[in-house]
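Chemist: Letter by letter, the chains look like this.
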Amino acid sequence: MKRLSDERTKILFEKLAKYIGTNVQQLIDRPDGTYCFREHKDRVYYVSERILKLSECFGYKQLVCVGTCFGKFSKTNKLKFHITALYYLAPYAQYKVWVKPSFEQQFLYGNHIPKSGLGRITENAGQYQGVVVFSMNDLALGFGVLARSTTECKTADPLTTVCFHQSDIGEYIRAEDTLF
Amino acid sequence: MGRKAEYSEKQKKGPGRKARKQGPPKFPKKSFAPLDDEDKRLSHRQKQRVAKREQKKLVQKAKSKDKRAQQPRKQKEYHSESDSEPEAQQPVESSDEEVPQLVPIKKQKSNGFTDDNKDWLKLKSKQQQKTRKQQLEDLQEKEETENEFEGDSDEEVENDEAYDETDGEEEQSIDDDNEAQVGKLDDLFDDDDEDQETDENEDNEDDDDENDEDDDDDDDDDDTLPIERANKKLKKRQEQDDKLAQEEMQMSVDQSEVFRLPEPGEDADKELSLQDVQQRIKDIIQVLSDFGKYRQEGRSRSEYVDQLRSDLCLYYSYNEFLMSKLMDIFKLSDLMEYLEASEVARPLTIRTNSLKTRRRDLAGALINRGVNLDPLGKWTNVGLVIFNSTVPLGATPEYLAGHYMIQGASSMLPVIALAPQENERVLDMCSAPGGKGSHIAAVMKNTGVLFANDANRDRIKAVVANFHRLGIVNAIVSCEDATKFRNIMTGFDRVLLDAPCTGTGVVSKDPSVKTTKSEIDVQRCYNLQRKLLLTAIDCVDAKSSTGGYVVYSTCSVLPEENEWVIDYALKKRNVKLVPLGIDFGEPGFTKFRQHRYHPSLNLCRRFYPHTNNMDGFFVAKLKKFSNTIPITKEQQEADEKQLDEALASDQTESNTAETKEKATEATEGRRKALGKRAGKPSLTDVEHDLKKKKLEQSKTKYVAKVFEKPIKVSSKSKPERTLPVSKKNEEESSTASPKVQSKEQAPQSNGNKKQKPSKNEEQSSPQENGQKAKSTSKITKKLSQAPRVDIDELPLLEGKPIKKENKLKNKSKQLGQLKKFKKTADSKSKQRFKK
Numbered sequence: 001m002k003r004l005s006d007e008r009t010k011i012l013f014e015k016l017a018k019y020i021g022t023n024v025q026q027l028i029d030r031p032d033g034t035y036c037f038r039e040h041k042d043r044v045y046y047v048s049e050r051i052l053k054l055s056e057c058f059g060y061k062q063l064v065c066v067g068t069c070f071g072k073f074s075k076t077n078k079l080k081f082h083i084t085a086l087y088y089l090a091p092y093a094q095y096k097v098w099v100k101p102s103f104e105q106q107f108l109y110g111n112h113i114p115k116s117g118l119g120r121i122t123e124n125a126g127q128y129q130g131v132v133v134f135s136m137n138d139l140a141l142g143f144g145v146l147a148r149s150t151t152e153c154k155t156a157d158p159l160t161t162v163c164f165h166q167s168d169i170g171e172y173i174r175a176e177d178t179l180f
Numbered sequence: 001m002g003r004k005a006e007y008s009e010k011q012k013k014g015p016g017r018k019a020r021k022q023g024p025p026k027f028p029k030k031s032f033a034p035l036d037d038e039d040k041r042l043s044h045r046q047k048q049r050v051a052k053r054e055q056k057k058l059v060q061k062a063k064s065k066d067k068r069a070q071q072p073r074k075q076k077e078y079h080s081e082s083d084s085e086p087e088a089q090q091p092v093e094s095s096d097e098e099v100p101q102l103v104p105i106k107k108q109k110s111n112g113f114t115d116d117n118k119d120w121l122k123l124k125s126k127q128q129q130k131t132r133k134q135q136l137e138d139l140q141e142k143e144e145t146e147n148e149f150e151g152d153s154d155e156e157v158e159n160d161e162a163y164d165e166t167d168g169e170e171e172q173s174i175d176d177d178n179e180a181q182v183g184k185l186d187d188l189f190d191d192d193d194e195d196q197e198t199d200e201n202e203d204n205e206d207d208d209d210e211n212d213e214d215d216d217d218d219d220d221d222d223d224t225l226p227i228e229r230a231n232k233k234l235k236k237r238q239e240q241d242d243k244l245a246q247e248e249m250q251m252s253v254d255q256s257e258v259f260r261l262p263e264p265g266e267d268a269d270k271e272l273s274l275q276d277v278q279q280r281i282k283d284i285i286q287v288l289s290d291f292g293k294y295r296q297e298g299r300s301r302s303e304y305v306d307q308l309r310s311d312l313c314l315y316y317s318y319n320e321f322l323m324s325k326l327m328d329i330f331k332l333s334d335l336m337e338y339l340e341a342s343e344v345a346r347p348l349t350i351r352t353n354s355l356k357t358r359r360r361d362l363a364g365a366l367i368n369r370g371v372n373l374d375p376l377g378k379w380t381n382v383g384l385v386i387f388n389s390t391v392p393l394g395a396t397p398e399y400l401a402g403h404y405m406i407q408g409a410s411s412m413l414p415v416i417a418l419a420p421q422e423n424e425r426v427l428d429m430c431s432a433p434g435g436k437g438s439h440i441a442a443v444m445k446n447t448g449v450l451f452a453n454d455a456n457r458d459r460i461k462a463v464v465a466n467f468h469r470l471g472i473v474n475a476i477v478s479c480e481d482a483t484k485f486r487n488i489m490t491g492f493d494r495v496l497l498d499a500p501c502t503g504t505g506v507v508s509k510d511p512s513v514k515t516t517k518s519e520i521d522v523q524r525c526y527n528l529q530r531k532l533l534l535t536a537i538d539c540v541d542a543k544s545s546t547g548g549y550v551v552y553s554t555c556s557v558l559p560e561e562n563e564w565v566i567d568y569a570l571k572k573r574n575v576k577l578v579p580l581g582i583d584f585g586e587p588g589f590t591k592f593r594q595h596r597y598h599p600s601l602n603l604c605r606r607f608y609p610h611t612n613n614m615d616g617f618f619v620a621k622l623k624k625f626s627n628t629i630p631i632t633k634e635q636q637e638a639d640e641k642q643l644d645e646a647l648a649s650d651q652t653e654s655n656t657a658e659t660k661e662k663a664t665e666a667t668e669g670r671r672k673a674l675g676k677r678a679g680k681p682s683l684t685d686v687e688h689d690l691k692k693k694k695l696e697q698s699k700t701k702y703v704a705k706v707f708e709k710p711i712k713v714s715s716k717s718k719p720e721r722t723l724p725v726s727k728k729n730e731e732e733s734s735t736a737s738p739k740v741q742s743k744e745q746a747p748q749s750n751g752n753k754k755q756k757p758s759k760n761e762e763q764s765s766p767q768e769n770g771q772k773a774k775s776t777s778k779i780t781k782k783l784s785q786a787p788r789v790d791i792d793e794l795p796l797l798e799g800k801p802i803k804k805e806n807k808l809k810n811k812s813k814q815l816g817q818l819k820k821f822k823k824t825a826d827s828k829s830k831q832r833f834k835k
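Which chain is which? The protein sequence lines are A and B, in order.
Each residue of the first sequence is one higher than the one before, starting from 1 at the first, in UniProt numbering.
Each residue of the second sequence is one higher than the one before, starting from 1 at the first, in UniProt numbering.
Hints listed in this document are in silico derivations from the structure and should not be mistaken for laboratory results.
Take every hint as true, because none was put in to throw you off.
Distance condition first, Cα-Cα at most 25 Å in a straight line; then the derived DSS-like pairs of lysine-lysine:
| # | chain 1 | residue 1 | chain 2 | residue 2 |
| --- | --- | --- | --- | --- |
| 1 | B | K356 | A | K100 |
| 2 | A | K53 | B | K445 |
| 3 | B | K484 | A | K53 |
| 4 | B | K484 | A | K41 |
| 5 | B | K484 | A | K61 |
Sample of chain B residues with no beta-carbon within 10 Å of chain A, all distances over it, derived:
| # | residue |
| --- | --- |
| 6 | K47 |
| 7 | K233 |
| 8 | L272 |
| 9 | K325 |
| 10 | M327 |
| 11 | I367 |
| 12 | W379 |
| 13 | S508 |
| 14 | T546 |
| 15 | K571 |
| 16 | K572 |
| 17 | I629 |
| 18 | T632 |
| 19 | Q635 |
To give an idea of the interface, some chain A residues facing chain B are shown, with a C-beta separation under 8 Å as derived from the structure:
| # | residue |
| --- | --- |
| 20 | C65 |
| 21 | G67 |
| 22 | T68 |
| 23 | I173 |
| 24 | F180 |
Using N, Cα and C, we set each Cβ at its ideal position, and we do this for glycine too.
Hey, can you work out the whole structure from these sequences and the hints?
Modeler: Okay, here's the thing in structure tokens:
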């Protein structure tokens, strides 16, 4: 576990802001203790400082995971969020997309959301805005970015993609080997 | 314009019609085998009909009595009046009826097994006898009546008695006819209308029927002489008599037959069907249930038991080792139930993730997806049992969102027993795949810290995935060797040790356990388990204000892996057993065969498939009451060494098996291997020689180990409290060591082996020297006598190691199919060569 470099910290917060905007503040200043982002084997973990201290007993190789994994830095220093970040993204998300029950399963298999699968969408979301995808009964299914702004969505024809798929909870099964 | 699009779908108002709960299915206690004889109950309508029938019978009897009174008069009328009158025909029928009289009786036999006829069906044989008597009488009478008809004039001469007799006959025949008729009608139509017909009508019908039959018979009769007819009848009767006698014979034979145990060599040349084996199992169990009564002269109980064991092995496809273990654990009736229950899969159960949802909400959501479920039991408020499901439960959005975890009912028990509190520091030592760990975190409500550890790096991924999916944020997942955990961190409030085991309790999940497990596997497991348990106890802080508990659980039913391990820990550490807080399950063994465990071991709980409908499971809860270690440091080190050695030997055994396999592979297809080994240094001949040498060494090591095993076991297991057993063990060890030495003729092995016995002596010496000193000369005498017995057995044992090795080889082949094993073996062997 090591601190994130300044550069990586910046990348991380930029990315976070894409999805949860100003709510990033709430991840840092928490009433129940200090929480911090740490890097371990290129992966970013978000964890309470109390737990972090205890994890220092373990060797670099032996330690597998502490707290919640947010994502992984690629070799080119780009951060890709994993589905595991959804636990924190979903409650703080500012822009949301709801998919119809008929499209739920499709999305969980990694498909982009077409207009026909769109159940509901937050107002005023611009193009390429990071959004969290929910099912109609408010089950967080994953996240992605909007392919069209909200206004464009209204006029789009049924088959055009409105939201690009980035990550979905189906990956817990599909990508268990590569995720962790 | 048009209507405004309604994006929000209607909220469902209630759970809906489908949510209505269905009661749990009730199975008869004898469980899942199809029932042979269901007792059929009469429906309401049928009961009504039976009642009506009874009434009718009564009425008819009364009528027939009247008829009887009228009969003589009628006959006179017949002779005086013309044939055309229907009423007058009756006497003709009655007299001529004797011929077809058999027919209704036969009919009764053929359609006898209906409910209506139940009351008289039971008396089948008796009735037949009765009817035979009747027939006899009938025959006589018939002859008489025939005489009557042939000589019409003689009719007047017939006395009243004769009439009376015929009347009686007639009455009975009519009754019989009616009964048969009713039964037949009931079978065919089952209509109420039939019953509602008036009695008179029915009588008429009967008459008509009789008429028809008479006509048929008359046609036949026309061709044959009376004497021939009589002859035919006699023959028929004789045949029936014979048949009946045979049946009776058969019956009596069936009842009195003593089950004959097949001779030892008998099975070899006979082809046995599975049914035969099953029947024999049943028979042997019956014999064993009352041995004095059913036994065959000259056969001992052990012969029966041996036969039973081999039959059970064949029928349920277990290996001899496991079956004999199971036979030791269960009594016969339980054993059969256990084996039967182990064949069926346990119901699928899920655990609600209380961090994300509530059980009721989850149940509602799943029911809407077409899952039929119910709460698991009173002992848990998060468990749900799934009866059937139209969707795959491991891929529903709810599952992926982490609302539940698929988990056996039995694996919720250890966590319930552990009862973690909020803000505690808890360790799950062998946590993969994270079911129990996540349960702990859920109970702690994501507070405190949960350490989840597993030694297997491949399986640890599942833990991480599950923890993230279930939204557990307070966990530290590590991949350490759990036995070394005390060097990393101690001072936990609670530790859960779900130890790796042979898995004999989860046969229904993994049937390969039935055949693959052997003595050596069990030994390997319990050595590891002991070590793990001691480590777990060392990790716990006894001074913890809320905790200081260790929960030990396995999915095995063998006492070696359960009670014995706990008993060992009780001796080596300052711990005591405490109640689990689970009110079902069976108490642990305090004694098992020759072993005597600590009496408090009845606080442990065992769970069986046939009693609790969950996997075979063992849970024990220990409370650490002092951080000091009761045994001295040297002893402790000795113990450590001992366990380490045992484990190491086990591992080398498995490794050698694997490397051996590798070697054969290499020699067979080196060319092939080249492709795989491209870029890696190829094996030189020198290395091959080295390998061979090592193999031989390990072989001899292995041979020695097999014999040493009991020594180790006994010296470890020596309970200080129970003297007689320890004495016995001493005997064993002393007898076993000369055995080993006599066996060791290979010069290579000397270096290794000589250490072992001496070590054993060292280990046993500090504690047991006192006992030895105390032990009288009697014992020493015994000791001196004992070896002779073992020497007799030696030649038998000589063949064993090779066999075992083959088994091991096979096993490792199976294991070798798993990638990871190969990898580890690869790396290890490489390391060796580097050295």
